[in-house]
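Please put together the full structure from these sequences, using the hints given.
Listed here are the chains, written in short residue letters.
2 protein chains.
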Amino acid sequence: MDEKSIPRAVISRLPRYFRYLGELKDDGVERISSNELAALMKSSASQIRQDLNRFGGFGQQGYGYNVKNLYEEIGRLLGLDKKHHLILIGAGNLGQALANYVNFEKRGFIIKGIFDKNPAIHGKMIRDVAISPMEDMKSFMENNDIDIAILTIPKSEAIEVAKKLVEYGIRGIWNFAHVDLSVPENIVVKNEHLSESLMELSYKLNDGGF
Amino acid sequence: MDEKSIPRAVISRLPRYFRYLGELKDDGVERISSNELAALMKSSASQIRQDLNRFGGFGQQGYGYNVKNLYEEIGRLLGLDKKHHLILIGAGNLGQALANYVNFEKRGFIIKGIFDKNPAIHGKMIRDVAISPMEDMKSFMENNDIDIAILTIPKSEAIEVAKKLVEYGIRGIWNFAHVDLSVPENIVVKNEHLSESLMELSYKLNDGGF
Numbered sequence: 728m729d730e731k732s733i734p735r736a737v738i739s740r741l742p743r744y745f746r747y748l749g750e751l752k753d754d755g756v757e758r759i760s761s762n763e764l765a766a767l768m769k770s771s772a773s774q775i776r777q778d779l780n781r782f783g784g785f786g787q788q789g790y791g792y793n794v795k796n797l798y799e800e801i802g803r804l805l806g807l808d809k810k811h812h813l814i815l816i817g818a819g820n821l822g823q824a825l826a827n828y829v830n831f832e833k834r835g836f837i838i839k840g841i842f843d844k845n846p847a848i849h850g851k852m853i854r855d856v857a858i859s860p861m862e863d864m865k866s867f868m869e870n871n872d873i874d875i876a877i878l879t880i881p882k883s884e885a886i887e888v889a890k891k892l893v894e895y896g897i898r899g900i901w902n903f904a905h906v907d908l909s910v911p912e913n914i915v916v917k918n919e920h921l922s923e924s925l926m927e928l929s930y931k932l933n934d935g936g937f
Numbered sequence: 728m729d730e731k732s733i734p735r736a737v738i739s740r741l742p743r744y745f746r747y748l749g750e751l752k753d754d755g756v757e758r759i760s761s762n763e764l765a766a767l768m769k770s771s772a773s774q775i776r777q778d779l780n781r782f783g784g785f786g787q788q789g790y791g792y793n794v795k796n797l798y799e800e801i802g803r804l805l806g807l808d809k810k811h812h813l814i815l816i817g818a819g820n821l822g823q824a825l826a827n828y829v830n831f832e833k834r835g836f837i838i839k840g841i842f843d844k845n846p847a848i849h850g851k852m853i854r855d856v857a858i859s860p861m862e863d864m865k866s867f868m869e870n871n872d873i874d875i876a877i878l879t880i881p882k883s884e885a886i887e888v889a890k891k892l893v894e895y896g897i898r899g900i901w902n903f904a905h906v907d908l909s910v911p912e913n914i915v916v917k918n919e920h921l922s923e924s925l926m927e928l929s930y931k932l933n934d935g936g937f
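So the sequences go chain by chain: Y and E.
With the numbering used here applied, the first sequence corresponds to residues 728 to 937, in that order.
With the numbering used here applied, the second sequence corresponds to residues 728 to 937, in that order.
No lab work stands behind these hints: they were computed from the structure.
Keep in mind that the hints are not guaranteed to be accurate.
Treat identical chains as interchangeable: a pair holds within one or across any two.
As the list claims (entries may be wrong) - Subject to a maximum C-alpha distance of 27 Å in a straight line, what follows is the list of computed BS3-like cross-link-like pairs (lysine-lysine): (1) K769 / K752; (2) K917 / K882; (3) K882 / K795; (4) K809 / K931.
What follows is the structure, given as structure tokens:
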């Protein structure tokens, strides 16, 4: 099966399946049919079957899905069976909020280093990690196995910093800066443009909702 | 033209058009062809023409788009020609980060009230707005014309609070709580599930990137 051919929309639905299955598992549910899952998720049974079939046969005709297995399989697809080491660049309000978010750690996303250009906050601790100067990023990445960088810096600096991160061997960038980064194709960038998201909400309000 | 039939993917691209056109306008560019815009946005000219044609004829064959007009038209579609009044529910790290984000205000999204259940922070000011007890939300909404609520509270509380917001007349909810809200269809909900976003990034890393 060629996973690369899986549509983006399907991939973006996987974390939601994972969330619902985790809740079902915690509630002690062992099996669930696509119809029941569809009712719960306000989705359709055929979409659920189609989505999950793309990754192989998880369900058994007439028996439904084994909740725990499916939860674990989707977790593996999402790379949650491994630990990911992250650095956070930019320890302003948003950066600090993300660094303080314990749920990431629960899922195996561990923030190992925090960098900021503001000397006034160097040495300040956020959950056991000290904020370091930007200049230390290179040697830190050489000495630690870092997968993902979270970029919470102004857009004027983001492009340059992203270039450096690529040079130092980053694999993925979670970009909160309000700019499109230009990085090689093998680097995974996930943009989180919060103000654009708010504009979409505003569009829908304008439109009367749909 | 029936705006309701516009695909979600097109709507989600509007803020990005708006961003690029704003930058072109600030750079003093007056006209741009779909080919030039496509090169800049790493998109295709035909997608740009198709997207923009859905909202009426913005461009003139052979003359390209008038940057300032198109910028303003898209801004109007996104409801940015009006002021939106917001309340923020949950003044934890993420809530405070959002309340401090000045760019929202530049776009006409004004946070008028901030509510939190933690008495220790009641009265604390975030950019001229005092944090108030949750109990004050109802009368505040009765006395202020509030469009949008930002929900930055734990998922255990989000569903109940969303119900109340609907009762008090909210029109849109920007939901950062890691749960699906159940609200009437005429209420616009935009989910911002940050940890699911990080999982998508992790999926793509797992998959070698694409």
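Evaluated hints:
In the homo-oligomer, the alpha carbons of K769 and K752 lie at most 27 Å apart inside one protomer (19 Å), although the nearest pairing across protomers, at 43 Å, exceeds that limit. For the homomeric pair K917 and K882, the shortest alpha-carbon distances inside one copy (15 Å) and between copies (24 Å) are both at most 27 Å. In this assembly of identical chains, the alpha carbons of K882 and K795 lie at most 27 Å apart only when taken from different copies (22 Å versus 42 Å within one copy). Taking the closest pair of Cα atoms, K809 and K931 come within 27 Å of each other only across two copies (14 Å); inside a single copy the shortest separation is 38 Å, beyond that limit.
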